[in-house]
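Q: Work from the hints to combine the two standalone chains into their complex.
Chains as they are written, first to last, in this note's numbering: chain A, 1 to 443; chain B, 1001 to 1633.
Bear in mind the hints are in silico, worked out from the structure with no lab data behind them. Built from N, CA and C at the ideal position, the CB exists for glycine as well. Incorrect hints may appear among the rest.
To be verified - A partial selection of chain B residues facing chain A, derived with a Cβ cut-off under 7 Å: (1) Ile1076; (2) Leu1174; (3) Pro1178; (4) Ile1269; (5) Met1351; (6) Asn1352; (7) Arg1387; (8) Phe1484; (9) Lys1580.
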Amino acid sequence: MRLKKYLNIRWIASIMVMCALLVNAIPLSAQLADTSSTTASSSAGVNEGAADSSALKSASSEPLISTVVDTAASAKLIADFKPEKDFGPLYKSASYYVLLFFLVCVFIAIIGKVLRVYELSGELQGKKTKSYWQNVQGILFIVVLIAGLYGVYWSYTVQGAMSMTIAASEHGEKIDTMFYVTLVITTIVFILTHILLFGFSFKYRGSDTRKAYFYPHNNAVERLWTIIPAITLTVLVVFGFITWRSITNVPKEEQDKALKVEVVGEQFKWNIRYSGTDNIIGKRNFTLITPTNGLGIDYKDPKSWDDKLAGEIVLPVNKPVRVAVGSKDILHSFYIPDFRVQINAVPGMPTSFQFTPKYTTQQMRDKLNDPTFNYLLLCAKICGAGHYNMQAKVTVLSEDEYKAWEAKLPLFYNDDVKKQLQVAQQKMSSENNKVTLITKNNR
Amino acid sequence: MASTAIHDTAVLTHHDHGHEHGHHKETFITKYIFSQDHKMIAKQFLITGIIMAVIAMFLSVLFRLQLGWPDKNFPILETFLGKWAEGGRIRPDFYLALVTIHGTMMVFFVLTAGLSGTFSNLLIPLQLGARDMASPFLNMLSYWFFFTACMIMMGSFFVQTGPASAGWTIYPPLSAIPKAIPGSGLGMTLWLISMILFVASSLMGALNYISTVLNMRTKGMDMWRMPLTIWAFFLTAILGVLSFPVLVSGVVLLIFDRSFGTSFYLSDIVVQGEVLPNQGGSPILWQHLFWFLGHPEVYIVIMPALGITSEVIATNSRKPIFGYHAMVYSLIGITILSFIVWGHHMFITGMNPFLGGVFMITTLIIAVPSAVKTFNYLATLWRGNIRFTPAMLFAIGLVSFFISGGLTGIFLGNAALDINLHDTYFVVAHFHLVMGSAAIFGMLCGVYHWFPKMFGRLMDEKLGYLHFWLTFIGAYLVFFPMHFMGLDGVPRRYYAFTEFEFMKEWLTVNTFISWAAIISALAQVAFLWNFFYSIFYGKKSSQNPWESNTMEWTAPVEHLHGNWPGEIPTVYRWPYDYSKPGHDDDFIPQTVPFSQTMSSNLPHDFEGNAESERIQQEWDSKYAADKVEQGIN
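Okay, chain B solo, but in the shape it has when bound (with noise of 0.2 Å):
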């Protein structure tokens, strides 16, 4: 009670603050460049996000040209990429940077910052009714530090020696010695700049959302009314916190290794016949350090996505959640378990087998939590209403795509059939379809579903429809038959597949993924146009126009910092209340009080408060007869 009372004096000088705000004037700015107001904030990691990944798209375009033609020229290339495309054909160096680079971008820029940064800030002051971040300033700092961060990972394509290109990884030794490679003289430094800056930038935003999500919820909203987005978005954030500092510490010792002359992870090194005088230091150390953080990345990258889906399965299926409280807790336990399944990428790195071999006990834990999500989805489907919204459609893209990923999954946290398929194209097509892939569907899925709540427009749905099908058929074609080629032994990162003799019948196979790639990438070129023409020219949205129950869509189209005019509404209901029987509409936001919706009221929906259940029970005997009626009807 009293924490409630504080929080209402809160919200009062915030709104009177936001009421002086008004007077002033905005400049340009303040309102688009360095602003302070979530929802622009939101739009600045979106728009970012969407140019990062078109870029990082770009690069595996470049890459699959070299893999679907290994001995064909491409002129144009030398046009544009001049000394690292002689001939037309892309050097080996020059390739390794590139799938590094791809790997680095979309990881981190577009799926963690394009992903969280967008949504988390739209949506947690917005579904928990905020006025805004907890902190809106460091908001504002989180989203120009990842920008630096892009535009130095950007840089290092202008250095003389080349991006880094170590694998997204940069496993020392080979990201310590510019000696081994190009790639890890100047680009390797400014990509540990970069990424040095992205974690501060992505820390800042999880303190912010993790306090905001505690703090600022309106009255009524304890945290089992959060929709499951708001849940996903807290305990990503709490993973972010918890293991992205992690990395930092990692990075710092590569930079001391690199340019200090230490030996945290150097050691008996002889390269190109000079013996270098580092001694005691180990390889494995960094990758201790760096699955600390990646493997909780994956979930990072995964959590959000699925936290956006659950809340778009549900409105569009026209159903509650199934199993709301088992979704919430397989998050959680997805949460926890992240922590202690990092030995998996690490199985014959040579780190003691017994340890592998709890690391895969662990690993295969986190399946369980996973399933349950999976038959959740498709309970809630059932018996279902659907609309197939484009958004839809890329939820349950995510869906299957989470299932295969996942299932492959099996395969590799299994330590034993790990020997054979560590570092093979069995992997690639695994991580691609569980966070690649569906990571991606869930962010594309938010954006077409939060895009009215955004600029105030709707997007065109049938360019949708077909950006949907043209993407999910790309996918599945890029990535199905890459663990064909993994189970023969195909390692990943390899430049051609013509030095061996058993790769070569694979050749045509990688031709074929070579168009579904570029087939699939031209096929965002519908998603890009929809997004760009319709800011501008879209069909003007109505306010809750896809008839859902959070709080979002009970604010007015037309943005205004501090989102509700006047008070902001109360909550008095979860946000899965769809087609609940007796009630008139398929929805009731969360917003409508149990006493305007008699008629659909269930026993447990009181929570035990005795008051409440008596005075239904004399609604319900004096109405009985009409409710009877409208159960027959």
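Bound conformation, chain A alone (with noise of 0.2 Å):
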């Protein structure tokens, strides 16, 4: 029974290993050559992405501000790739990884029987394997752990490092404290826990000269690990409550100080407004969209007069401001992580989100010491095709820099505008009147 097993697994592992050389159907030395050649051009992989990157960089960088994703030059792109390379190589090489796997298959297999064959002949000498096993499993949790709590260290303190920045908001500032405070008390747990999942895992690792302890329950202990972890999120509880509030619940008064912008998503780009002298925004309504008017903003309400369209978010230093968050078409979420700020764009439903801005554009890029940084819009809720792309630059000056620069902005409802508007109006209207009189006729 067990050599036919045996023999089986063999004959499988082989018909395998020569299905995968006929496939390649080359010369055992052309191959290795050819692996050396892709591994090498793997590792280089990423050097060329970069540099592949930075090529559709370039394609779309003039957008890049009004944040416009052109698919047609992705797609171009993507077509320039398509007619000059010659895929055999690549092929060969996938074909390379398949008989690699099969190999370490066939070598998992050959360690299988060495050990089976091994196992059987201690058997026969009334060696007892079993609990040799038990102790690999017992050590490994051991090895795991350590390396484990190693690997935790490494990436708190190398990924950790790049994944902490600087809130430059005001509220973001108490996000940050309220994570902290999160993260060290979790850590702790997840470090005790571990230790003591693995740690028992290895000290009481079968053996069958002991018997387990008999050991039921204990109210108390049940109670004070009920007790424990209720107050600690309690605690943490009231403390986020408190957080949130403070950011959500902004009172009155401090809304009508703050700022107002509108940010309008659609696919996949988005629309800002200024609201203007009377830092009040003019009604929208999506009935009104049209080319020329995109956002449809309603001029019969006098407020939207004095509002201005521009092509980048630039708000001023230390002083509270209030998005209004809209959608033209699907849900989009407006995400600006180094401000801790996101609130979803819904269509039909107004949002908002209030915030200060702590440091200028220009201070941030000192503290990082990086001269190209910028602060950046992103779309986190899933929109389509060009999700991954759908960015806007924000600008933060100082306050007079920013009144320079609103200042500078043109009003959206010029002479120009009012012109088309009419006549757009006149046109829609004598079509409105052609579809009422086709209606009466065909009644």
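A: Listed below in structure tokens is the structure:
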């Protein structure tokens, strides 16, 4: 019976290898040369990738400010790749990987067989191999525990440093404090429980000479470890609730004082409108959206007359800003990680977020020692093919600089637009008349 | 008493029926395809679930290729995917389709149907001592609805406009407007149909599980003697029955919006210059309806896994599960609380912030029963006599994932922190650990543990060890770094990290994650080989290979319709009498009466039955000397 199985595996394995070799149908030496070249190219892949992405960037660098995603450009890019390249070597490298995997499998199968033979011969001599494997697992748990703890330490320091950004808004600092408190508590729990889990697994690994300790319950202990998490969580809840309310529950007078900016998402760009001198954003109606009036601004509302459209978000430092967020088509999410600001853009339901930028872009550049740094607005809610590149630049200036910039913004509601709107309106009404006529006739 | 009598007659009639049935010749079709035997249906669920898992895992490898090497071409992809990977590079909209279908399949088909469907079907009758499910026909129907749902979902890959691609949560308006994304055309229609069939399947299953657990327990099996697996399946089924219909109502409204011009979710929309007539709807409504199911759903996924590991950890630690009652109450607590936490998926959707604050409180409360469960697992391991079967390794792995994923939940459940973490990779890391990896480990744990019960053979242990260590380490290597990406503000469902300057530092990390994902995906070959090979050529199993207490191991290895030949055994004790002092073996099956274990009985075993206590006291005084001696030994 065993012998039969033995043969089975060998046959299958050898057939696999043979097939793989036949598929390749290339002399072994050539294969080796090729593998080395492919590994070289794959290691260079990252660099290549960076180069390619910069190419992509340059192709789309111009619209970066207006953040229009030109899928056409990327499609062209893909099309460019297509004709010239000879895919032969790439197919070849794919089959090498498959072959490599087969070889690994065969190798594991052989090790398995060797172990089996070793165990069988051990059994014949009356040795017990079962407990040997038990010990191996126990020791592996300890090894993984130590390696894992080091890994956690490593990623906290290396990747943690990569991910920790300076909170550039007032409430952002509160969020960060909250975050660090939670991080400390959870990390302690994480490490302690894992030391216990893996430590117990090692320490109490099975043996035939011992019996486990019958210990079905202990109400005192259970009460203790219900109450301690409950208290810890209560503290976090209260702390979190207060922070959350302080961020989202802004008093009316504070809201009025804040600078009003409207940001409306659409596939795949952000439209930005400033509220002008009255600091009130004029009404918007989706039925008024035309190619000229992309936001559907309602010019019957006089508050909209001083509104200004902008290509990017520019904010004054240390002044509260209230962003009214909306969407023309589907859900988007207004997300500026550096400010710790996020709110969804929902069609048909205005949302808003109030925050105060703490550092100008220039100050951040100095702090980070990165002269190219920019605050970025990105979309965090899945919205289609261009979701990964729906961005807008956010610049924070000193108050004077901001005022100068804002003053330069042209009014959207100028004479040209007025004329165009009138024409469009006439056209619309005449069309409507036509429609009503037709329906009347039909009746 | 009355109920017991009724129950007995029911068993008798059923038994007669079973006897009669034996004379029938079972055809291939009634035995393997349209089977009404719960054990066969369990296997059907399992194998379908495994196939779905392999497909969904393959999809994840495809998008990991894109994320790991965003500027590299894989011409082999064009060979297989055609226009969706022109020039060997996956297209952005197809990338979204991949993540959508990966999520849907994993959550619903693998971790709900594959996990609950398999083990509820297999274990509820066997561990409770029933001949079959309350309604075997409904049970069969449940599988075939599920199978049809799977086929329709797979079929959406062969549609011109591609499969659904609005994310597994299919938030409208994106999912409602084909103009916004091609996947919202026919592909989304198929997704919705598939989901309705799936919900029908899971409802039929759940109703069956509930009625079986409530009505068909064998003599002596009162609720507080049920193994924790059954408690978990029972509460999971209740959760499913109460929450899945809400998803159907949501889906039906979405179908209306898509096909009949209603405006439940749509309002004020202009897509590519076209003003849509819809007004008055709210996309937030969908989110409420979806997450009213969606959040209980994650507990539907994790609770059976917790039940399975409770059983496996107790058996393999050779110790009673610590705090059996606390474990059950935690499960009940989780069940109830899971209905009032759905809002934590919606903190920043524009829902009233005060409501968000309330949901934050309920969300963090649910961490308490979860913490109790974790500590009880640790206490069960303490001073145990642990046998490292592959199932036990996976159970320990589950506890580890449950801890690490659960702890990051404390961040996300906190509305203030969620502002910055919502829809980032932090979320991806969190739920892949706590409900993805943990639940799949629960499922694998169950497969390794009950494989002998299902197929009468044993799986290879060493391949199991290899599979465990590769998968366990691999999963951490994949998901741990994602936390940090999320903290840096990298949103999920991004096709490439190349367009933002601050994301570029994560490109190499992404390559690393992709390698880890590919290697752990390949490690599953060890499992697949082990599983399918052992079905046919595995070592024959003994009746009770793990020396376990629960009832399924008293049934013969050879499957028969009706599970037990002759009378169903009676249950006398709880399922966790492992290593009881005074008893020779380190386990006492539930079917062993106390009269046979006089040396190990404890006062509270008799639950206040004065007569039994008197008999025990008499015996004790008679053999007290022996008992003391034994104690010394």
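Q: Each of the hints needs a verdict: does it hold here or not?
A: The hints, checked one at a time:
no.	hint	verdict
1	Ile1076	holds (5 Å)
2	Leu1174	holds (4 Å)
3	Pro1178	violated (11 Å)
4	Ile1269	holds (5 Å)
5	Met1351	violated (9 Å)
6	Asn1352	violated (9 Å)
7	Arg1387	holds (5 Å)
8	Phe1484	holds (4 Å)
9	Lys1580	holds (5 Å)
Consistency with the previously given hints fails for numbers 3, 5, 6, ordered from lowest to highest.
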